[in-house]
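Peer 1: Below are the chains, spelled out letter by letter.
There are 4 protein chains.
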Amino acid sequence: MSGSVYGNIFKISTWGESHGEALGVVIDGCPAGVHIDEEIIQQDLDRRKPGAFKYGTKRSESDSVRILSGVFEGKTTGTPISLVVFNTDQKSRDYANIMNVYRPGHADFTFESKYGIRDYRGGGRSSARETLARVAAGAIARACLKELGIDVYAYTRSIGSVNITTFDRDEIMNNPLCMPDKSAAKKAAALMDKAMADLNSVGGIVECVAKGVPAGIGETVFDKLDASLAKAVMSIGAVKGVEIGSGFSAALKYGSENNDCFTVKDGKPAKLSNNAGGILGGISDGSDIILRAAFKPTPSISRPQKTINKNIQEEEIIIKGRHDPVVVPRAVVVVEAMVMITILDLLLINMSARIDNVKKIYEN
Amino acid sequence: MSGSVYGNIFKISTWGESHGEALGVVIDGCPAGVHIDEEIIQQDLDRRKPGAFKYGTKRSESDSVRILSGVFEGKTTGTPISLVVFNTDQKSRDYANIMNVYRPGHADFTFESKYGIRDYRGGGRSSARETLARVAAGAIARACLKELGIDVYAYTRSIGSVNITTFDRDEIMNNPLCMPDKSAAKKAAALMDKAMADLNSVGGIVECVAKGVPAGIGETVFDKLDASLAKAVMSIGAVKGVEIGSGFSAALKYGSENNDCFTVKDGKPAKLSNNAGGILGGISDGSDIILRAAFKPTPSISRPQKTINKNIQEEEIIIKGRHDPVVVPRAVVVVEAMVMITILDLLLINMSARIDNVKKIYEN
Amino acid sequence: MSGSVYGNIFKISTWGESHGEALGVVIDGCPAGVHIDEEIIQQDLDRRKPGAFKYGTKRSESDSVRILSGVFEGKTTGTPISLVVFNTDQKSRDYANIMNVYRPGHADFTFESKYGIRDYRGGGRSSARETLARVAAGAIARACLKELGIDVYAYTRSIGSVNITTFDRDEIMNNPLCMPDKSAAKKAAALMDKAMADLNSVGGIVECVAKGVPAGIGETVFDKLDASLAKAVMSIGAVKGVEIGSGFSAALKYGSENNDCFTVKDGKPAKLSNNAGGILGGISDGSDIILRAAFKPTPSISRPQKTINKNIQEEEIIIKGRHDPVVVPRAVVVVEAMVMITILDLLLINMSARIDNVKKIYEN
Amino acid sequence: MSGSVYGNIFKISTWGESHGEALGVVIDGCPAGVHIDEEIIQQDLDRRKPGAFKYGTKRSESDSVRILSGVFEGKTTGTPISLVVFNTDQKSRDYANIMNVYRPGHADFTFESKYGIRDYRGGGRSSARETLARVAAGAIARACLKELGIDVYAYTRSIGSVNITTFDRDEIMNNPLCMPDKSAAKKAAALMDKAMADLNSVGGIVECVAKGVPAGIGETVFDKLDASLAKAVMSIGAVKGVEIGSGFSAALKYGSENNDCFTVKDGKPAKLSNNAGGILGGISDGSDIILRAAFKPTPSISRPQKTINKNIQEEEIIIKGRHDPVVVPRAVVVVEAMVMITILDLLLINMSARIDNVKKIYEN
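Protein chains in written order, with this note's numbering: chain A, 159 to 522; chain B, 159 to 522; chain C, 159 to 522; chain D, 159 to 522.
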């Protein structure tokens, strides 16, 4: 159980090493009858593509996806959907010098502690390239959610100390840093330039919003919506923290400040605030679901760093190769993917929560 | 799948409503041969017992656990361990007035949206009393981890704006707020008194440390140790954020600051810092695992609050009954429990990571 | 993972040893809104109760079930349903003489090989008494299936060489052997009397029918309906074979004989025969689901048998205590239970097979 | 959850339609350090290859497997192993005439009832070609089991009324019917020739033996070894019955005949007979595991058959295309595969059954 299978009903199995032949994902449990084509998946993949923007790794992969099964005449058939992206630009020799040395901040040491063997080329299975398969699966989840009127989007909320101060959704796709604030994006770009010049890297925060999720999604105790989202997002390589709604700031508030009072709006239940981030008792309340993930700075930096080698001897390492000085902008679509996959799975699980709903499906 | 089953190998199924007949847990997959008795479990249960300290709910339950199966002559047999605590102090009438009204910050509205029916007595299944079963299962996990030399402990790091500034492990059990800093505990107590006088409540942060976890625990992609811990801890009622190691502050750091350089100590791999919180690439690195959880202030406050009722009409509510003005101190042992259960499960899963280890078990 | 958790959506966790304090089951994922009371469960439990008929064990347990959670005002709430039966007649001393000896045909030797420890009292977890929890969970599944118009019943098809030759459903509950053929039941009773006089035991076959299962239930590859039923039924203690429809006799037939031709009946799809036993390609076809399970003779016989003890020395054993000379009649309701639990789980899983059905639940 | 994921620790996800672009499998949880290459997998695939023998379908696929991930320098790395076989001989037009008609004995009708859409080309996902992925995964399991000294093999026990009467393991690979009895193979060939001339098909029985499985494998209640094997094998397309050891004949025996007495052989526990088929109480006893599966005759026959079409109108159908008149010989390696995958998974699960074994892995 190397942990590459995720989900209960909408279940994905990802595979592939950074510098292996290919990467891919098999999606089992996608409802039949959903329109899918390679174009839809490619759109999301292109958003995380290396080389897509100035601050990303210089590696250029076409990252062209192929659908190998599960779709017939443009529609899902209910059977496993196999998606594959063949690697075309694996410069393996770039990595030969780190074959026996453990890079600080990377999984080299821990992976080898676990398995006793390591595909050292480009991080192998622990490479951020692994997220390609998540994004491909996320695109399928997006197509399903769209049928239900659910819209999930994420953006860069901060890079280093630069936070967004305004919000314009259209701007997200307009700047290479995926910030919904043009002016913040400019400041962040300047910060990035400085970091690159310093042979350094920076972290940041991604925020994700899910609109249109009906009330009632999420299971009561362990498989709560927020708990499931926390796992989903924390499983992305560089994430070190996850929060929902008011998050860590809730720890500083009084109950009278943090509680969201209920009200009636257009004859329907609504809330006067959304500190809960759309989730109460682990179950969606019908308002926007709001989540933030903290990304650490890219561990690959070109400065000399102290480390050890396979023989447990101290060494100095200077990491060469192509690396993102910040992972945040390319991670935006990865966060979206994990959130969509998780919400869809819980939506499908929730279908049997009431016997009345079971009867809706089976009674004539 | 109402989501009350947790874990893969060490699998727990919890059950019970706040004001039902009893609460309990069934633990399947506990290794055979571990010494267990009711005393061991009771010790942990007493730490979350209502009425155990001044700032907790006034409800007094004896919370006496009984082992109904899976233990024979003082040892686990490998079969399911069923633990039960019968309720003895269910004052149901206290809650009759909130039968048709949704309390702000609680699961009343979302639970009813999901199931169309709700045991309104004391929060039913969504009550914090549900965590009793987690703590009971956690005590079994603790006994297993002890056999492997692993020590997990948590404490209150902050209540409202009061943070600990010193650390004395022995102090944790000495003050009712479970703070490892006597002076901070005094300040927090003053803050609590003020909040109670104001008919208000406060939040706080719990920190948890796991010592002695060997390198190599956690699965590579989705079932990462940090991702699994995030789910485990976020599934506790009032938690709104989880972070590992440097957590959210990593988003503000440069790579050169956040990376932990490797070194050799006593001939063994070690690190010069622990921003990673003991986890790299989702796998334990052998240093302390460090995690923090942000708890929101108790939503039950005795002030009047705006809300709605079942007929989607606006109403004012004043919540009566017995409630904790802060959940943090009683949640400390719950966080420990979830962390222990999760680490144990991943330890058992990891046993088959290498064929060499498989041979160790099966070859004569 | 000692394997006492079963199901995906409708998930049951059973626990309890034959001579422990109690046995029980926790059912997670039962849809909310189903009428349940202890009476409904007791009815099924009474059908497998020891001492209920002449050929059963002489042990007399009241086997009274208690519902500890998950039901509120007579209806399921969607949360875990905890059912418990306390043991009242554990004559542990009866078993003291087999503490260090492995009974032929029993799990004593294999259980101890696995866990290194064994609750030897009455077979511990491997006792047929374990099935009590399956039957209790099955009664809940039956209540759910009834709401969908699905009717599952089983009966004794043969005991030793005595087969039924006629079928009268009402007769099943009328004779102690649960045979739908009064005359066969008489012959079987004579066979039983002879076997008991000979200090011997006999086997037999249980047949189970599920009526009203809609077409489309069962998943395509591994979680086929027939595969799932085979596991469900083979997991009952003494079962050594399972077959669907024409079963083993299909191996002797020509394709032209075994294929069921489709036809139209009352404007609906129908079949001219049912060799498939209601399942094609692992998916229900709308006709009756038909399954048979072969039970071995009770291994506990009072004749002297060769065996070995814990010190791997040969010994002779004469098993004393209270044992059924045939398990088949009491197993009838256990087979029903496992079939109902399995069909219900797959019915709930199937709800999300089509996006159209997902929309039925979520679109207003 | 279309049910194409199988296993707990050693978890496989299969995908692919008969006439799609490719078929494949992703194996998650294979222990690291096992020698694997394409040759090893190809050997097993060639045994189920269409066109490999006179009585198989005439379709000729090269069925060349490619390893796309999870193997580095000839060894498994612990990460998902992705195997793919591209289709090269998809004559889709052969199937155009059955696009709107349901073939008797096939999944056409039930698949469409379930999903409302069907890839009618060659049976789509319900084609026997799906088993290719099982065999590929089985070859990986075989490599793991070999490291533990476990040997699994299957053979044709009967075709129609022709049973084997002698057993010569070497003969299995020598005749196209995979019978361990040369003379029976000749008679079965004659039977086949007659059936083909009659435009008919026949069924048969496959027997499988697992040697060297240590005592203690299999979980106590639901995940018994025999129950798991029953599901594994019943999930193969045409299987209608599964039995272990004495199987259905046990229902006719007396306890004194069916019990296997224990004895001591070479200082070790042994049995005087093996009616149990190596499994007691769902747990392996150290002797040979023996299982039989009944296969129905191939449903595709070239005779006219009554059936219905999509508009629920009666029609006559004559199935053209390339079909096996008997599936049994090609199914032999599929049964082996499912048995190996299942035993390996339960072997890995069993590693944590005792705390002593856990300590063996983690204590220095």
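None of these hints come from the bench; they were simulated from the model.
Just so we're clear, the structure is a prediction, and the values are computed from it rather than from any experiment.
Among the hints, erroneous ones may be present.
Remember, identical chains collapse to one label, so a pair may be satisfied in a single copy or spanning two.
[Stated by the list, open to error] Simulated crosslink set (BS3-like; lysine-lysine; CA at most 30 Å straight-line):
hint, residue 1, residue 2
1, K345, K369
2, K344, K411
3, K517, K468
4, K518, K345
5, K345, K426
6, K345, K468
7, K344, K517
8, K344, K423
Peer 1: Now tell me, hint by hint, if it's right for this structure.
Peer 2: Right, here's what the structure says about each hint:
{"no.": "1", "hint": "K345 with K369", "verdict": "within (29 Å within a copy, 41 Å between copies)"}
{"no.": "2", "hint": "K344 with K411", "verdict": "between (33 Å within a copy, 19 Å between copies)"}
{"no.": "3", "hint": "K517 with K468", "verdict": "between (61 Å within a copy, 24 Å between copies)"}
{"no.": "4", "hint": "K518 with K345", "verdict": "neither (54 Å within a copy, 48 Å between copies)"}
{"no.": "5", "hint": "K345 with K426", "verdict": "neither (42 Å within a copy, 44 Å between copies)"}
{"no.": "6", "hint": "K345 with K468", "verdict": "neither (41 Å within a copy, 49 Å between copies)"}
{"no.": "7", "hint": "K344 with K517", "verdict": "neither (55 Å within a copy, 43 Å between copies)"}
{"no.": "8", "hint": "K344 with K423", "verdict": "neither (39 Å within a copy, 45 Å between copies)"}
This entry does not satisfy hints 4, 5, 6, 7 and 8, going by the numbered hints stated previously.
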